[in-house]
Amino acid sequence: MASNKYTERGVINSLPYSGEQGTTTSLTFGDIRYRKSKHPYKDFQETQIYDLQEEPYRKSTKTVLGLPRRDARIIAGLMLLASIVRLYRISEPTSVVFDEVHFGGFASKYIKGRFFMDVHPPLAKLLITLAGVIGGFDGNFDFKEIGKDYLEPKVPYVTMRLMPGILGIFVIPISYLTIKLAGFSTISASLVATLLIFENGLVAQSRLILLDSPLILFTAFTVLMWVNFHNHYRRPFSFWWWFWMAMTGVGLGLTVSVKWVGLFTIALIGLSTIKGLWDLLGDLRISPEVWAKHFLARALCLILIPTVIYMFMFAIHFLILTNSGDGDGFMSSEFQQTIGGHGMDDTPIDIAYGSKITIRHLNTQGGYLHSHDHSYPGGSKQQQITLYPHKDENNLWIINNKTKPEIPFDEQDPIWIENGAIIRLEHITTNKRLHSHEVRPPVTDVDYQNEVSGYGFPGFEGDDNDFWRVEIFDHEKSDPKSGERLRTLHTKFRLVHVLTGCYLFSHSVKLPEWGFEQQEVTCVKGGSVPKTIWYIETNSHPTLPLDAETVNYRKLGFFGKFFELQRVMWTTNNGLTDSHPYESRPLSWLLMKRGISFWGQDHHHIYLIGNPIIWWSSTAALAIFVAIEIIILLRAKRGYLDHLNVTKEFYESHASFLFIGWFLHWFPFILMSRQLFLHHYFPALYFAILLFGVVFDFFTTPLSTRKRASVALIYLVMVLYVFRLFSPLTYGRPWIKSDCNSLKWISTWDFDCNQFYNSYDQFSIDADLKALKISPTGESSSLTVLNSPDSSEKSEAAETHAMQDDSNDALML
Amino acid sequence: MEEFRRRNTGIPRNYEKLPSKDQNENGENNKTYKAMAYKPTRPGINKYIDLLREHQDITIPIFFTLLSFWTRFYLISYSNIVVWDEFASHYIKREFYFDVHPPLGKMLVGLAGLLAGYDGSFEFKSGEVYPDNVNYTWMRIFLSSFGAWMVPLAYFTAIELDYSQQSAILVTLFVLLDTAYICISRFILLDSMLLLFTFTTVFCLTKFHNERKNPFSVDWWIWLTLTGTSIGCVSSVKWVGLFATALVGLYTIEDLWNKFGDLSMPKIVCCQHWLARIGCLIILPITVYMLTFVIHFAILIHSGPGDAQMSSLFQASLIGNDFDQNPLELAYGSKITLKNMGYGGGLLHSHVQTYPSGSEQQQVTCYHHKDSNNDWIVKKPREVAWSEDDEIEFVKNGDSIRLFHASTGRNLHSHMIAAPVTTSLWEVSCYGNETIGDQNDYWVIEVVDDLYEKDLQTVRSLTTRIRFRHINIGCYLRADNAVLPQWGFKQIEVTCDKSNNTKDAYTHWNIERHWNDKLPPGPKAKYRSKFIHDFWHLNVAMYTSNNALVPDPDKEDILASTPDQWPLLKVGLRMCSWADDVVKFYLLGNPVVWWSGSLSLVIYLISLTWYLIRQQRKYIDFPSNAQWDHFLYIGKVCGIGWLLHYLPFCIMGRVTYLHHYFPALYFSILMVGFLFDHFTVYLAGKTRHIVFGTCYFLVFAVFWFFKDIAFGMDYPAIEISNRKWLSTWNIVD
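Sequence lines, in order, name chains A and B.
Quick note: the first sequence uses the numbering used here, first residue 76, plus one each step.
Quick note: the second sequence uses the numbering used here, first residue 3, plus one each step.
Honestly, the hints are just simulated from the structure, not real lab data.
Treat the hints with caution; some may be incorrect.
[Said to hold, decoys possible] The calculated label-pair distances, taken between Cβ atoms and stated as ranges, are:
1. B:Leu-551 to A:Leu-746: 14 to 24 Å
2. B:Val-683 to A:Tyr-715: 18 to 28 Å
3. B:Arg-619 to A:Ile-186: 50 to 60 Å
[What the hints assert, rightly or not] DSS-like mimics (lysine-lysine), calculated; alpha carbons at most 30 Å apart, straight line:
4. B:Lys-557 to A:Lys-585
5. B:Lys-269 to B:Lys-638
6. B:Lys-557 to A:Lys-552
7. B:Lys-261 to A:Lys-712
8. A:Lys-723 to A:Lys-712
9. A:Lys-585 to B:Lys-492
10. A:Lys-466 to A:Lys-187
11. B:Lys-500 to B:Lys-127
12. A:Lys-600 to A:Lys-567
13. B:Lys-49 to A:Lys-350
14. B:Lys-337 to B:Lys-215
15. A:Lys-477 to A:Lys-600
16. B:Lys-726 to A:Lys-556
17. B:Lys-557 to A:Lys-600
18. A:Lys-456 to A:Lys-477
19. B:Lys-215 to A:Lys-668
20. A:Lys-466 to A:Lys-456
21. A:Lys-600 to B:Lys-726
22. A:Lys-819 to B:Lys-572
23. B:Lys-688 to B:Lys-49
24. B:Lys-500 to A:Lys-812
25. A:Lys-668 to B:Lys-505
26. A:Lys-368 to B:Lys-620
27. A:Lys-567 to B:Lys-557
28. B:Lys-456 to B:Lys-381
29. B:Lys-620 to A:Lys-723
30. A:Lys-466 to A:Lys-219
31. B:Lys-492 to B:Lys-372
32. B:Lys-337 to A:Lys-712
33. A:Lys-456 to B:Lys-492
34. B:Lys-557 to A:Lys-456
35. B:Lys-638 to A:Lys-712
36. B:Lys-709 to B:Lys-726
37. A:Lys-567 to B:Lys-492
38. A:Lys-223 to A:Lys-187
39. A:Lys-552 to B:Lys-726
40. B:Lys-620 to A:Lys-712
Just so you know, even glycine gets a beta-carbon here, dropped at the ideal spot from N, CA and C.
Let the sequences and hints guide you as you build the complete structure.
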């Protein structure tokens, strides 16, 4: 095919890959003759990677817990080191730090059994709760704000912090084993593990009551199990093959039960599985039946097991949270029936004129149509109509006829309210009628919305603006009668204002303080249909017999609750779009342009920032990998045969697995519009650091073990030095302004140096004063800084202050 | 025409099983379906029919083109009201206006108006009756002729994609008889042009693909150049055209990648290929696109409703604006409007409505329309005694000033309260009045630079760039393109930026209008803004306005639809009022066309997976690489083409309408033709005839059944309630 002019690389024609040179297709038909000629098929691409790597393990006889003794010793050493680094003064600071506000708070809610809503699955929070229970925490501390003192109320916060702390330590041996079992050198494995020990960000994160430490642990665990599984690739259906695959599934289940970020880990293992299955499909020695067996085994271990674990966590979650709490409002009425304190008695199903009812909005969780004895400050200045989420006297309305009945409703047979009936709704406690008119609503001041108010006074018959027409929108299919007339719970209806033709409407817009932050109710023309749908929740009528047909919410089973909670978590998660003073975007994570201020008090400051050397070298490893891959790709396209090299194949397959792992844990964040923080990068960082180990191994292959070790050691000394430099920010230790300012290597690192004293002496004076029980600086340091004479620093100090307030409001991953 | 006949090679799936030998004898090039279908031995009924048959390569497309013109022109003037978005532009009046679409399509509409003798006096308001002096029939005919050419293009594209003639006819019929294509082409809208240029792009691309064996030949250059021109045109009608551009781009990247891997190709030839592509597919389209803007600016030389979207300098160059009345230098007591200098920036604005959160003080926004709420009066701080009657005193660089909102009597104010949308910045509001207020009402005016004056001490209208620094917080007054929610009328948020980036163009302002009774009008400006700056400015403004078209979650928009509804044709669109006495048009596709199009994409995906799995198991389904490549090539052109025209709408936040799916529909139609060929290769000639004949009939019958929705219904909608096949079609109430 190639003309003679370009045959310098003509040798390739004698190799099996030559078939595709110069054609536009990547498919080769060269192998087909095997199928045709019934010769035993031989796969050219098979390499012997895993067997080569397992050799040393099989030979070594001296083992500790199945590990060669040398590895066991190294691991023990690393764990000791990690424990010292990670648990050093874990009791400091003695007050609430950053998101401990949330996760400590959730622990106290678990202990009290109060239902709450969070965007994260329950596992890590359950573990923290467990730690709290072990430490004797009674749940009587609310973790309300950053900086709230732990010591006084005797919160066992150290035990609670130890849970993520100890889990974080286990990441170290796992990373070591991952690199080692994948077949790389002991030096690389130790290097990676040491880097993970001295990564300031990971240290800061795992010392506090936060979810990231368990998340990284389970991610790392899953990867290790998958590497083990791959090492048994050639012995399918053996015990260990099953075991490691099942453990991968368990790992996936645990990871995704901590945070939904675990879904990215699932995607990684999923892609790897698909690739594996695809390769098996191409192996003609494997019959379709065996292939199906392979497929089913993976489906069982990697889909079924994680799903069961994930659901099991929620089963525990529901089992514990049986009391009403601040999360009730997020859930549907059906769901709320299952929470203690929310059960509703059966209520008569038939609604007639004269019924006392409560009306609920269907598509928001705003609650009941409500009115109270307060007026709108603007507009018509008539009485407010709102949605109110709790049960209350003020939610009660009477359905009246258009005209006053000749005989009172309680003395005649009930008259049903048919579709199209024109009604008036009278508010029982204030005697006002539901009213609307051509006045703009108080908050949503747009021309297609009208105000809805309560109107009327004694002796006034009311006017035509009180008339509403019932339009039945939907009904319970099992109850055909509810499609023709109003029935409790079963009929979903809309209320049309007769004179203006607008629909009674509500949306998730809150009224300001004068409306008690209840939800706005308006009358809309051409509004979104789902937001105009209402139903009647409770009903009573004077003439209905006691044994009248009653109705109640359908009981939700576990699956109903489970799926609803998932949906609510999803929408809440997407709704976290407010900006936050310390948020950052995924692209800035690569270079660690900015950290998060965790805590600042009494001239101590905790700021989440990684070890720049580790961080940047892991990013460099990613860049190097991409560059090498591109070069290989270009060269392969030009006919150079790098891709037949077994060593290259070995490095490439591992490095690309880790790279895809990194990519899957990083890239999806770019597409998210919710608020993001530096700590969202940590799972990706784990993969990047492992990749750094592989790249290190690759480049130092030509060196002798001794030289390799010295290179690693020199690098480690640098890492250690930088770790030491930044450690005051990591541990919240005393520091001085000048040291702090000298570390602002990048102008966007916004740790607040002004919080520190000018010299260390000041700290010892503080300590002395503290011993005398005199607080030298008043309530909090931010105040002191605000009063400082240097006015240019004011805004920064104010920012820190604002940050502390803001982070209370924002839920964070 | 000879080449059409040559190329209809079939795709037998396993030639060992092929029954007849004569296929092989004919050689690959002569293996045509036509040869099977029309055997020369068949006796001619009539010599004229024989003649037609002999030249069917010409007669078939001509026949369909005639039909196409008939369907597009039939009853075109029946409705004498403005239907939907019909408009003739400001080009006739040569007034500058602003729109989210690039100018080519609207210029052609303007041309149509010019040819029809329209004088620009009639304002196209939806639903209004055309007056006698507007020859809307000619304008509609002009534009629908664009739509009519889609039909022959579809035919030739199918032929170029190596479809059999029967399949090509099927594709042509689908395009011809799709009620949505007919309906959208018949009015004064941009879509017929967009569709036509999308069709030409695909056609040129396939033509070019078929010339790939003769690189650098004349034909090769012609089709490459035409492809480039075509993507330039399609992108200049609507930005949706960028998806067609992406398709050509992906094709080219793959092509060049393969050339890179072709070791037999000298490097110099490879470079030539690269250069040819860069020239014809990047530089040429950009030139076309920019050229349309050059013409756009050249025609629109009068001041008009779109002025405020552009920079003040550009506006100053328009005829009919009164900027030359501006006194030159800013003085205390001057009334001014302030224009943000960032791309797409508006005028500093305030109105009586208040923020619903934060400080709940009066809103300050950036707004593109000119009204008296944009007027601010420059005053001195309250502490400094000063009155309007004092001697004129010019504002100097570094002065502290107070900006007084003329119509509400409040002061521009900022404080450390988070802004409503960009919560990381401070809120800017209007607060107090002449006497009430505090230090937070004061701003330091900082001169950045001046276009033609070296001395930066004074502030000149139009040419001086200034910043406003808040005297207490030190933050800069800023407006980028963050849009406020409904309560802020979707105007642009104004914030105070504490990051103190002095180079940020969004914190730069200039004085646009300037009134001061005591000062004489300044000298007439002698400079113009640069074209490239105006071009970029306008494009950024288009982009931001486009993104601001987000649906209001509280409002039910019965015209809008979501992408997931399109492939299954779950919605139609009422193009005018639905009153009984109005001629009504309902934008709804031919269900046969739309459903089979979507189904074919699914079937293609399934067969692709099937073949890949079989290949992995080393089965041979395609006797030669070329046939497998052709299978993939169709998948790339039609499948990826469809994805590129469909998926972006799913991701976009803006409001989407049914007609956004029309370009994607074409790719699914082409896929139908391919699959018909692919699965009927082995059928005997007669069976094929029956299969295709049934399809032809079906699409025609359904078209006939639905034709009134496209040609206009002059009877009450209730009479066609039997056409309401899906409950979601709002064809009757």
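Point to revise | 30 Å limit on alpha-carbon distance, applied to hinted pair B:Lys-49 and A:Lys-350 | key: violated (63 Å)
Check your understanding: Is it true that the CA of B:Lys-456 sits at most 30 Å from the CA of B:Lys-381?
Key -> holds (26 Å)
Practice item. Decide if the proposed pair is consistent with the structure: A:Lys-456 and A:Lys-477, CA atoms, cutoff 30 Å inclusive. Key: holds (25 Å)
Check your understanding: Can the restraint linking B:Lys-638 and A:Lys-712 be considered satisfied, given a maximum Cα separation of 30 Å?
Key -> OK: B:Lys-638 and A:Lys-712 at ~21 Å, within 30 Å.
Point to revise | Given hint B:Lys-620 paired with A:Lys-368 - CA-CA distance at most 30 Å | key: Distance of about 20 Å is within 30 Å: holds.
Exercise for review: Starting from B:Lys-557, check that the Cα of A:Lys-552 is at most 30 Å away, please.
Suggested key: Holds: B:Lys-557 and A:Lys-552 sit about 28 Å apart, inside 30 Å.
Check your understanding: B:Arg-619 and A:Ile-186, beta-carbon distance inside 50 to 60 Å?
Key -> Distance hint for B:Arg-619, A:Ile-186 holds at roughly 58 Å.
Review point. Within 30 Å, alpha carbon to alpha carbon, are B:Lys-492 and B:Lys-372?
Key: holds (16 Å)
Check your understanding: Is it true that the CA of A:Lys-819 sits at most 30 Å from the CA of B:Lys-572?
Key -> Not satisfied, since the Cα-Cα distance of roughly 58 Å exceeds 30 Å.
Check your understanding: Within 30 Å, alpha carbon to alpha carbon, are A:Lys-456 and B:Lys-492?
Key -> With a Cα-Cα distance of about 27 Å, the restraint between A:Lys-456 and B:Lys-492 holds, given a limit of 30 Å.
Review point. Going straight from one Cα to the other, do A:Lys-668 and B:Lys-505 come out at no more than 30 Å?
Key: This hinted pair holds, its Cα atoms lying about 20 Å apart.
Review point. Between A:Lys-723 and A:Lys-712, does the CA-CA distance stay at or below 30 Å?
Key: holds (17 Å)
Of the numbered hints given earlier, the model fails hints 2, 11, 13, 14, 19, 22, 32, 37; all others are met.
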